[in-house]
Amino acid sequence: MKPFKHYNARSVKEATRLLAKYNGKAKANAGGTDLLGAMRDKCLPRYPEMVVNIKTIDGLEYIKTDKTGLRIGALTKLADIAGSPEVRKDYGLLAEAVHSVASPHVRNMATVGGNLAQDVRCWYYRYPNQVGGSITCLRKGGKICSALAGDNRYHSFFGAAPLAEYPCSSHCPANTDIPGYLGKVKKGDFAEAARILLEYNPIPAITGRICPVFCEPECNRREFDQPVAIQCVERGVGDYALEKANQFYVPPAKKSGKKVVIIGSGPAGLAAAFYLRRDGHEVTVYEKLKEAGGMLLYSIPPYRLPKDVVRKQIQVLKDMGIKFKLGVNVGGKVTLPDLKKRFDAVFVAGGTWRSLQLGVPGEDAKGVHYALDYLKKINSGEKVALGNKVIVIGGGSVAIDAARTARRLGAEDVRVVCLECLDLASKDRMLALDQEITEAGDEGITIHPSLGVTEIVTKGGKVSGIKTVTCVSVREPDGTFNPQYDNTCEALGLEAESIIIAIGQGVDQSLPAVFRKEGKTVFVGGDMVSGPSTVIRAIASAREAVRKIESALGKKYAPPVAGAAAGNGFIEPSFQEIPRAQTHEVAPSLRIKGIDMEDIPGLSAEETKRESQRCFNCGCLAVGPSDVGIALVALNAQIVTTKRTVAAQDFFNASATCSTILDNDELIKEIRIPKPAQGTRQRYDKFALRKPIDFAIVSLATVMTVDDGVCKDARIVLGGVAPEPMRVNKAEEIIKGRSIDGKTAVEAAEAAVEDAIPLTMNGYKVEIAKALVRRAITA
Numbered sequence: 001m002k003p004f005k006h007y008n009a010r011s012v013k014e015a016t017r018l019l020a021k022y023n024g025k026a027k028a029n030a031g032g033t034d035l036l037g038a039m040r041d042k043c044l045p046r047y048p049e050m051v052v053n054i055k056t057i058d059g060l061e062y063i064k065t066d067k068t069g070l071r072i073g074a075l076t077k078l079a080d081i082a083g084s085p086e087v088r089k090d091y092g093l094l095a096e097a098v099h100s101v102a103s104p105h106v107r108n109m110a111t112v113g114g115n116l117a118q119d120v121r122c123w124y125y126r127y128p129n130q131v132g133g134s135i136t137c138l139r140k141g142g143k144i145c146s147a148l149a150g151d152n153r154y155h156s157f158f159g160a161a162p163l164a165e166y167p168c169s170s171h172c173p174a175n176t177d178i179p180g181y182l183g184k185v186k187k188g189d190f191a192e193a194a195r196i197l198l199e200y201n202p203i204p205a206i207t208g209r210i211c212p213v214f215c216e217p218e219c220n221r222r223e224f225d226q227p228v229a230i231q232c233v234e235r236g237v238g239d240y241a242l243e244k245a246n247q248f249y250v251p252p253a254k255k256s257g258k259k260v261v262i263i264g265s266g267p268a269g270l271a272a273a274f275y276l277r278r279d280g281h282e283v284t285v286y287e288k289l290k291e292a293g294g295m296l297l298y299s300i301p302p303y304r305l306p307k308d309v310v311r312k313q314i315q316v317l318k319d320m321g322i323k324f325k326l327g328v329n330v331g332g333k334v335t336l337p338d339l340k341k342r343f344d345a346v347f348v349a350g351g352t353w354r355s356l357q358l359g360v361p362g363e364d365a366k367g368v369h370y371a372l373d374y375l376k377k378i379n380s381g382e383k384v385a386l387g388n389k390v391i392v393i394g395g396g397s398v399a400i401d402a403a404r405t406a407r408r409l410g411a412e413d414v415r416v417v418c419l420e421c422l423d424l425a426s427k428d429r430m431l432a433l434d435q436e437i438t439e440a441g442d443e444g445i446t447i448h449p450s451l452g453v454t455e456i457v458t459k460g461g462k463v464s465g466i467k468t469v470t471c472v473s474v475r476e477p478d479g480t481f482n483p484q485y486d487n488t489c490e491a492l493g494l495e496a497e498s499i500i501i502a503i504g505q506g507v508d509q510s511l512p513a514v515f516r517k518e519g520k521t522v523f524v525g526g527d528m529v530s531g532p533s534t535v536i537r538a539i540a541s542a543r544e545a546v547r548k549i550e551s552a553l554g555k556k557y558a559p560p561v562a563g564a565a566a567g568n569g570f571i572e573p574s575f576q577e578i579p580r581a582q583t584h585e586v587a588p589s590l591r592i593k594g595i596d597m598e599d600i601p602g603l604s605a606e607e608t609k610r611e612s613q614r615c616f617n618c619g620c621l622a623v624g625p626s627d628v629g630i631a632l633v634a635l636n637a638q639i640v641t642t643k644r645t646v647a648a649q650d651f652f653n654a655s656a657t658c659s660t661i662l663d664n665d666e667l668i669k670e671i672r673i674p675k676p677a678q679g680t681r682q683r684y685d686k687f688a689l690r691k692p693i694d695f696a697i698v699s700l701a702t703v704m705t706v707d708d709g710v711c712k713d714a715r716i717v718l719g720g721v722a723p724e725p726m727r728v729n730k731a732e733e734i735i736k737g738r739s740i741d742g743k744t745a746v747e748a749a750e751a752a753v754e755d756a757i758p759l760t761m762n763g764y765k766v767e768i769a770k771a772l773v774r775r776a777i778t779a
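Under the numbering used here, think of the first position of the sequence shown as 1, with each following residue one higher.
A few of these clues could be false.
Said to hold, decoys possible - List time: in silico BS3-like cross-link candidates among lysine-lysine, alpha-carbon distance up to 30 angstroms:
no., residue 1, residue 2
1, Lys669, Lys13
2, Lys323, Lys255
3, Lys13, Lys2
4, Lys383, Lys467
5, Lys376, Lys325
6, Lys67, Lys712
7, Lys21, Lys140
8, Lys341, Lys556
9, Lys376, Lys323
10, Lys383, Lys366
11, Lys675, Lys89
12, Lys258, Lys556
13, Lys258, Lys548
14, Lys184, Lys258
15, Lys254, Lys2
16, Lys462, Lys593
17, Lys187, Lys259
18, Lys2, Lys21
Treat the hints as calculated values from the structure; they're not laboratory data.
These numbers come from a predicted model, not from an experiment.
The task is simple: from the sequences and hints, build the whole structure.
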């Protein structure tokens, strides 16, 4: 056993103070049968620096009855509870549950508080740090619950305890509840999936096509084969939402009487407009261009994001009652004081339309273009003559978009010159997405990496080529942009008829500075705050702005709550050996014929559903270990801690890292059980391999109030089948008001396991649970 500090606490206050001081690095020892064994085996994810012995605290070991019921101190030994005449007389269920715990030796040491707060007994979690080292299961910082694809004979068949934070969702800038909507798609419920997704992202048909998918590289499925194709599923749900827009993009039922103006109709502006309109405000969007959509429409090529998708998205927002005023030059005749008079709030969500200059000789020559200007002209229907030889300078997505567009519009020799390297694992890698780089190569575009441009060569005032220098480093280790060059190397010269510069962009300076400063009723978001970013980051920024706007308008903003949990609070684990969906990309030979055909068709509804079924729904499948816990839930007990008094049913709140609601510095003080009603039947059953010693494979606690053979009330709780005590309400409803007989018992047993999700090896536990329920009801 590793060394640790040990302290005998003299009071509850002293114990909690020490626990708080160590901030999760200390453990309370209430009996020692659980904690010390785990420390000996070195199986805990974090070894405690301090063990606070609370058995030395006076006043927490008692059994008392009064007219309201039974009170038990947290440090009361299990053996004393099992042998108590008061407990056995009116609370026989508790006495039997306590008596079933382990061995007489353990019951003489273990306390009721310790039993309730004990850690899970999953063997993957408890595997000693001996032969081969400990097993890094999900509960100990691993990626996957080991029971999902491994031996799961003794694990939950009612789902898994959810993660506090899912890796896919936490890496999405909008913190989208990805497991939540994937879980609905799994069941074919695209409507509910759309409702979940729209809470985080109101334009998923767009992001499902162009998002850089920060989520997929973090998907835990990568540990097994390939990540879930989250973007494909998002696109499917987004397209469904647009097709069924009258279900999701609807005018508010109640108007707030408040008016909000949004400047800019890019992703941040559209997202904010959706949420503000949904909350009942009158929303007007000002756009300086002749058509709404901002960079979504004017800078992203239609082969990546079809214009009809953007236009359809704009239309459904109009159908909600959002007004779009086009061709409005805010900052000219439309001033900020004027807007503040007419509207209750102003949200500035302009884009980064200003192209950064290269700053080299020849940049002002004829034939030099800037990527955003070029793409804007092309997307507006203008023709831009580039010639056959085109060089694009830059290594980001905009540079690749410009190069691919030029190639598709007739340029035969298109080259990309960039500072960055092609080693996609390097800190100096190109900023364009891997897929974009591959697709550019497939289309015949040549990339010249690790080159800096020193001069644009001209002839007669027109572009004729470039001179370059070798770039040996682009970024510092901390990511700071600081290119370094090797001027001793012979420079590479390239010929060109046109050059497109795509080295970055900045905030449009034509908008007066007063619009870029937040005030009491003026709010700024999107690229105006972050600089050039992604669509999903702009959406996240818009949601934050909406929160501030709602607060300023006197309305409390309720952010969406993530969670793929079902009604019982658990998630549905999934492990299916399904290969990742393959999108049927249009062949390069066809792609280069134009810019209007979408490169990558979406998946069918069935393919989308099948892909969603690859999601593990990451969670912990360990079952709640407390024999006493299910008895207390059935007896409608309350648990008093140093911070609160909670129902036993609420005390067990399993997640993938803990089994109860207890904070690091919180202790159980007392158990309170109300006096049973007249005619109450109590029963405890436990199925285990070795009844006197082992934890339950399945256990059952029942409390029924019966009058003249008819059940008036019932509380039925299963143990060993879920991450926490599982109250089976459906079974209770079956027997209430009915005569207790074999037929009723069979129906109740079936209802008790109706929501079961057995794993590969634990289906037998479902049958055991049904048998215990039948037997308990008819006993």
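Outcome of the hint check:
{"no.": "1", "hint": "Lys669 - Lys13", "in the structure": "holds, 11 angstroms"}
{"no.": "2", "hint": "Lys323 - Lys255", "in the structure": "holds, 15 angstroms"}
{"no.": "3", "hint": "Lys13 - Lys2", "in the structure": "holds, 27 angstroms"}
{"no.": "4", "hint": "Lys383 - Lys467", "in the structure": "holds, 28 angstroms"}
{"no.": "5", "hint": "Lys376 - Lys325", "in the structure": "holds, 20 angstroms"}
{"no.": "6", "hint": "Lys67 - Lys712", "in the structure": "holds, 23 angstroms"}
{"no.": "7", "hint": "Lys21 - Lys140", "in the structure": "holds, 23 angstroms"}
{"no.": "8", "hint": "Lys341 - Lys556", "in the structure": "holds, 23 angstroms"}
{"no.": "9", "hint": "Lys376 - Lys323", "in the structure": "holds, 24 angstroms"}
{"no.": "10", "hint": "Lys383 - Lys366", "in the structure": "holds, 16 angstroms"}
{"no.": "11", "hint": "Lys675 - Lys89", "in the structure": "holds, 11 angstroms"}
{"no.": "12", "hint": "Lys258 - Lys556", "in the structure": "holds, 14 angstroms"}
{"no.": "13", "hint": "Lys258 - Lys548", "in the structure": "holds, 15 angstroms"}
{"no.": "14", "hint": "Lys184 - Lys258", "in the structure": "violated, 35 angstroms"}
{"no.": "15", "hint": "Lys254 - Lys2", "in the structure": "violated, 63 angstroms"}
{"no.": "16", "hint": "Lys462 - Lys593", "in the structure": "holds, 28 angstroms"}
{"no.": "17", "hint": "Lys187 - Lys259", "in the structure": "violated, 40 angstroms"}
{"no.": "18", "hint": "Lys2 - Lys21", "in the structure": "holds, 21 angstroms"}
Hints 14, 15, 17 from the list above are not met by this structure, while the remaining hints are.
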